[in-house]
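Visitor: Listed below are the residues making up each chain.
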Amino acid sequence: MKREISAILIIALRDFLKFLRDRSRIAATFIFPILFIGALGGSLQSNWGDELGFNITTFIFTGVLGQTLFQSAAAGVISLIEDRQNDFSREMFVSPISRYSIIIGKIFGESIVALIQGVGIIVFGFIIRIPLSFHDIIWLLPFSLVVCFMGGAFGVLVLSNLSSERAANQIFPFLIFPQFFLAGVFNPIRELPTILDVLSRISPMRYAVDLIRGIYYAGRPEYGATVLNSVGYNLAVCGLIFGICVIVGTYLFINNERNQ
Amino acid sequence: MPGVINVKNLVKQYKKSDRKAVNDISFNVEEGELFTLLGPNGAGKTTTISILTTTLAKTSGEIIIHGYNIDIDPKSVRQQIGIIFQQPSLDLNLTAEENVRFHTILYGLYPFRPSYSMMPTSYKNKINELAEILEIKDEMFKPIKTFSGGMKRKLEIIRGLMHEPRVLFLDEPTTGLDPASRKTLWTYMQQIRKEKKITIFLTTHYLDEAEEADRVCILHHGKIITIGTPRKIKQDLIENYLLVDTEDKNKLFAELHNHNLRFEDGELVKVFIHDLSVQEIIQSIQTPLTTLETHIPTIEEAYLSIVAEEDKHETGN
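Same order as they appear, the protein sequences are chains L and E. So in numbering that gives the first Met the number 0, spot 9 of the first sequence is number 8, and the numbers just go up one at a time. So in numbering that gives the first Met the number 0, spot 19 of the second sequence is number 18, and the numbers just go up one at a time.
Among these hints, one or two may not hold up.
If you only want the chain L side, here are some residues facing chain E, beta carbon under 7 Å, derived [to be verified]: (1) A6; (2) K17; (3) R20; (4) V93; (5) S94; (6) R257.
Hints are computed from structural coordinates only; laboratory data are not their basis. Note that the structure is predicted; figures quoted are calculated from it, not measured. In this text, a Cβ means the ideal position worked out from N, Cα and C, and glycines have one as well.
With these hints in hand, go ahead and build the complete structure from the sequences.
Guide: Put into structure tokens, the structure is as follows:
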């Protein structure tokens with residue numbers, strides 16, 4: 000057991016070190032969140048003001064925080080495909096550790112990377128004067144980690160069904176971008192036509208975003224207008240998605256890897 | 000069952016293929032042996048090594064490595080083996096030291112520590128030792144992107160030996176290296192083999208490398224064509240012969256007939272040696288000879304003739 004934990008940690012450390020050494024990746028990860036919150040949030044807020052009963056920039060800020068954590072962890076885990084093509088994954092897969100440890104290590108490492116990006120977004124929130132107290136940040140951090148883990152697990156499931164880096168680059172956007180709208184990152188989704196409502200409920204990102212909003216808006220007057228489900232409900236769904244994705248994803252990934 | 004590696008009736012057919020990549024092969028490798036799998040590209044060498052190292056599932060057959068069945072106890076098998084892949088499997092973004100640390104922690108040699116400075120002294124001593132073998136110092140702590148091909152290979156081998164495996168698998172380890180690096184690497188492998196007394200399982204398409212092996216197994220289109228010491232393979236598969244010439248060929252032919260010696264006419268006359276000694280043949284020829292050469296085949300000739308023979312066979316079918 001001790002050995003498996005050591006293995007998980009070293010696999011995670013590798014992803015963390017790789018991120019720190021890749022300056023262009025660091026820069027790229029902050030461009031979209033800043034664009035979404037600053038440009039989109041700012042323009043909507045100026046035009047519609049507080050008609051919705053809450054500040055749109057803050058609403059988008061919380062949405063983008065959840066979305067970035069989820070998406071970054073998922074995309075990071077999918078980089079196992081890149082490893083496979085560089086044959087680095089073989090170094091891990093011939094070592095005498097559990098296959099689940101490899102996947103958990105990967106999820107853990109990419110979650111830490113995503114969390115660093117989340118901290119960057121919070122700093123940006125400060126700069127553009129999103130109301131954020133010390134208390135908010137302390138509460139947001141552990142729940143952000145939950146969102147990262149779920150995103151990473153979602154990445155494992157996607158990864159297990161892809162064969163090459165090219166396939167990943169083509170398919171991943173199709174799995175992620177619709178969720179931006181179905182999860183209500185920028186747009187309120189309290190009222191939705193039935194078909195969109197069903198699609199929204201099966202989008203894992205919805206629960207990531209709603210969990211972050213549930214924590215941020217807790218005790219604030221806008222809570223009722225912005226949050227869909229309770230924190231407990233969202234946590235339970237995130238846990239369920241995590242479990243299913245990790246178990247099914249790891250099983251499929253290893254099977255596809257070995258049964259060629 | 001004797002031997003460190005026991006392979007029985009191994010078959011592998013890839014899902015997207017209608018041909019068997021490995022077609023019912025069986026062999027044993029003895030402890031401490033340098034065993035070479037030789038064959039052209041597509042013969043099934045990498046497929047075989049991938050199955051033996053547990054990264055690829057087989058279609059059927061039974062494999063025991065160091066007493067562990069790869070189906071029942073793959074983890075124990077993995078603990079016993081070291082592997083150097085055909086494609087480099089180092090992480091270029093990490094330093095040489097980090098690549099080694101990653102490996103040692105995965106194999107449970109040391110507990111996890113987030114940085115080099117926090118690792119135990121025994122680990123640090125080992126790293127210093129490695130730096131000496133690699134003849135590098137500061138580069139140990141720099142990303143390995145700048146390393147030469149030969150250096151990366153050497154680092155991979157050193158890394159693969161860190162957990163003291165009983166069997167070292169090397170899949171075409173010298174492919175893509177210049178002749179000088181190939182030679183250095185080869186000398187190094189012979190040295191560690193002597194020092195550590197480990198079994199080496201090598202695949203190659205370089206014939207001079209196969210000559211160095213204790214036993215060679217020639218694989219072609221997924222089937223074993225022959226297996227044995229390089230010497231035996233040469234003996235069995237290629238006939239030794241004398242090349243002679245004379246001004247009076249008719250007299251020579253008559254003489255060879257009389258002594259029941261098989262020969263072939265050409266620019267020079269080939270006299271096959273069989274079980275006789277060269278001495279005996281020469282003594283039985285009275286016709287004055289203008290040319291006399293003995294021909295001892297290389298494994299390259301043996302190999303090429305086998306492969307050509309097999310291909311002819313298949314086209315014939």
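Visitor: Indicate, hint by hint, whether the structure satisfies it.
Guide: Hints, one by one, checked against the model:
no.	hint	result
1	A6	holds (5 Å)
2	K17	holds (5 Å)
3	R20	holds (6 Å)
4	V93	holds (5 Å)
5	S94	holds (4 Å)
6	R257	holds (4 Å)
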